[in-house]
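Peer 1: Line by line, the protein sequences are chains F and P.
Under the working numbering, residues 1 to 267 are what the first sequence spells out, in order.
Under the working numbering, residues 1001 to 1260 are what the second sequence spells out, in order.
These are computed hints drawn from the structure, not numbers from a lab.
Just so we're clear, the structure is a prediction, and the values are computed from it rather than from any experiment.
From the three backbone atoms N, C-alpha and C, an ideal C-beta is built for every residue, glycine too.
Computed far set for chain F versus chain P, every beta-carbon distance over 10 Å:
| # | residue |
| --- | --- |
| 1 | G34 |
| 2 | E141 |
| 3 | G179 |
| 4 | A180 |
| 5 | L184 |
| 6 | R199 |
| 7 | D210 |
| 8 | R220 |
Distance windows between CB atoms, simulated:
| # | chain 1 | residue 1 | chain 2 | residue 2 | range |
| --- | --- | --- | --- | --- | --- |
| 9 | P | I1090 | F | A33 | 35 to 43 Å |
| 10 | P | L1075 | F | H209 | 53 to 61 Å |
| 11 | P | D1152 | F | A33 | 32 to 40 Å |
| 12 | F | S191 | P | D1099 | 45 to 53 Å |
| 13 | F | R124 | P | S1204 | 55 to 63 Å |
| 14 | P | A1094 | F | H209 | 35 to 43 Å |
| 15 | F | A33 | P | R1244 | 53 to 61 Å |
| 16 | F | R124 | P | A1153 | 22 to 30 Å |
| 17 | P | A1153 | F | A33 | 29 to 37 Å |
| 18 | F | R243 | P | D1099 | 51 to 59 Å |
| 19 | P | I1105 | F | E146 | 43 to 51 Å |
| 20 | P | G1154 | F | R243 | 31 to 39 Å |
| 21 | F | H258 | P | D1099 | 48 to 56 Å |
| 22 | F | E146 | P | G1236 | 36 to 44 Å |
So the derived list for chain F, only partly shown, Cβ under 8 Å to chain P, looks like this:
| # | residue |
| --- | --- |
| 23 | L78 |
| 24 | I102 |
| 25 | D106 |
| 26 | R108 |
| 27 | W112 |
| 28 | L121 |
| 29 | G122 |
| 30 | W147 |
| 31 | A149 |
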Amino acid sequence: MTVLALHRPAPRPQHTYVPARPQGSDGVGVRIAGLTKGFGDHPVLRGIDLELAPGEFVAVVGRSGCGKSTLLRLLAGLDTSDGGTLRLDDGDVTGFAGRTRIMFQDSRLLPWKRVIDNVGLGLRGDWRPVAQEALRQVGLERRAGEWPAVLSGGQRQRVALARALVSHPGLLLLDEPLGALDALTRIEMQSLVEAVWRRQGFTAVLVTHDVAEAVTLADRVILVEEGRIALDVPVDLPRPRERSHPDFAALEGRILSHLLRREDADA
Amino acid sequence: MSRAIVRAGADRLLPWLLPVLALAAWEGLAQAGLISTRVLPKLSDVALAGVRLTGSGELFGHLQASFARAGAGFLIGGGLGFVLGLLNGIFPVAEKLLDSTVQMIRNVPHLAMIPLVILWFGIDEEAKLFLVALGVMFPIYLNTFHGIRTVDAGLIEMGRSYGLTHWQLLTEVILPGALPSILIGLRFALGIMWLTLIVAETISASSGIGYMAMNAREFLQTDVVVLGVLLYALLGKLADSVARLLERWSLGWHPAFQKP
Ligand SMILES: Nc1ncnc2c1ncn2[C@@H]1O[C@H](COP(=O)(O)OP(=O)(O)O)[C@@H](O)[C@H]1O
Ligand SMILES: [Mg+2]
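Pulled out of the complex, with its shape left as it was, chain F reads as follows (with noise of 0.2 Å):
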């Protein structure tokens, strides 16, 4: 329950280290223009053009199989792109260990690191504190030294959450990291994304096929069709959002539509 605490407007996490940039909305821009890329002959984006402000937290949505994960592992420098440019603010997206994490919907703990060994992979010094600090972000600073073998799928992606934030990323990718998660796990963890890019201030881009989590969520709803942007529309409704409220359900409304009119001309 630890997780709705965390609604309420958190204070600022007091570290003992010195971050590798100063606290506070340090969100790296991104500028895509005319991205495609392609396996074997077969084209799957086909013209991204998109820009995210620093800080921005972006939804991206589509059917199965249009390219949203693709575009996802462009972004994180796990693929290399056919054409076009992508451009974080910081440099060039050069691929491993920069600002950037990603989180997948399988957790991808190492099953032989105890809990906050997972948190504190990659870090140097003395991360223990800091790892335990990321921990207590996600409501898990009890179970630092369980094996992740024990914990539920919920209490995994949690701690898979803690890992990416606890290097304060500058730009935060989420591969439908809820997408195996019961609805009241999904919801919980909802409002803790909200909560820590509250207050960490990175950008985020969050892949998902629920239109009412993408809605909940993000700033700006696009979504990915036949390989280029079809639809981007900002959501302006004060948060928390209220899934109840008339304006809430119309916009899902108007995305949900758009998704479903191509899946009626398609077939």
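We have chain F; now place chain P with the ligands onto it with these hints.
Peer 2: For chain P with the ligands alone, kept in the frame of chain F given last:
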């Protein structure tokens, strides 16, 4: 409470029931003269032989010789197998270059090489080390290679994107991921190690448990022969227990090894 203790005690003792009964039957039948001592000496005689040889320091000398051979052969063969498995598991070029050669050599039963090995090395230490190393190498190689190849690619990708160096990737992701498989190879290799040593020492040696047993055969000392056989069994069991302990200790994270 006390019932639980009795129960736990019974659980521990039960596996020993049959072996103890078998030993008692052996001793009883031998004492009654139902088994010729040429076939099987009395258990007590075997024990006495053990005491006698321990007292004279002979037994210790033979044990030491066998252990030294087993250990050295294991280290050489296991080390080679491990390094080869590592290389081929990590670098596809190395696999292309080496794997089919290794597989070809693997298909030669190493004990079939004995005549050739004797031609090469005579009946000296090198021959025995060579045989043990050759036997031990392949299970370690195969399981290291397989273990590394089956490490979850998602974990490696994650490690790279979290800024791990190549060395960290190897020691914190790849090797721990391959460890369960490597340990299976280790257990196989330990079994092969003793087996090879028995054969090699029985054929030609001037020290070691196998030599002790063969030598005793010439003088019809059945008790010492049986002692040698029992010692081999004991050493094999010991090696297996060590491997199990190693598994338990290093795979504490693995769901299969967690206490319920
Ligand atoms: N490594 C790959 N090799 C070949 N095809 C791929 C690869 N990754 C993705 N694809 C293909 O690209 C398309 C988009 O995949 P993806 O980005 O995972 O879609 P999603 O929007 O569901 O995340 C799919 O048709 C998929 O089959
Ligand atoms: Mg996907």
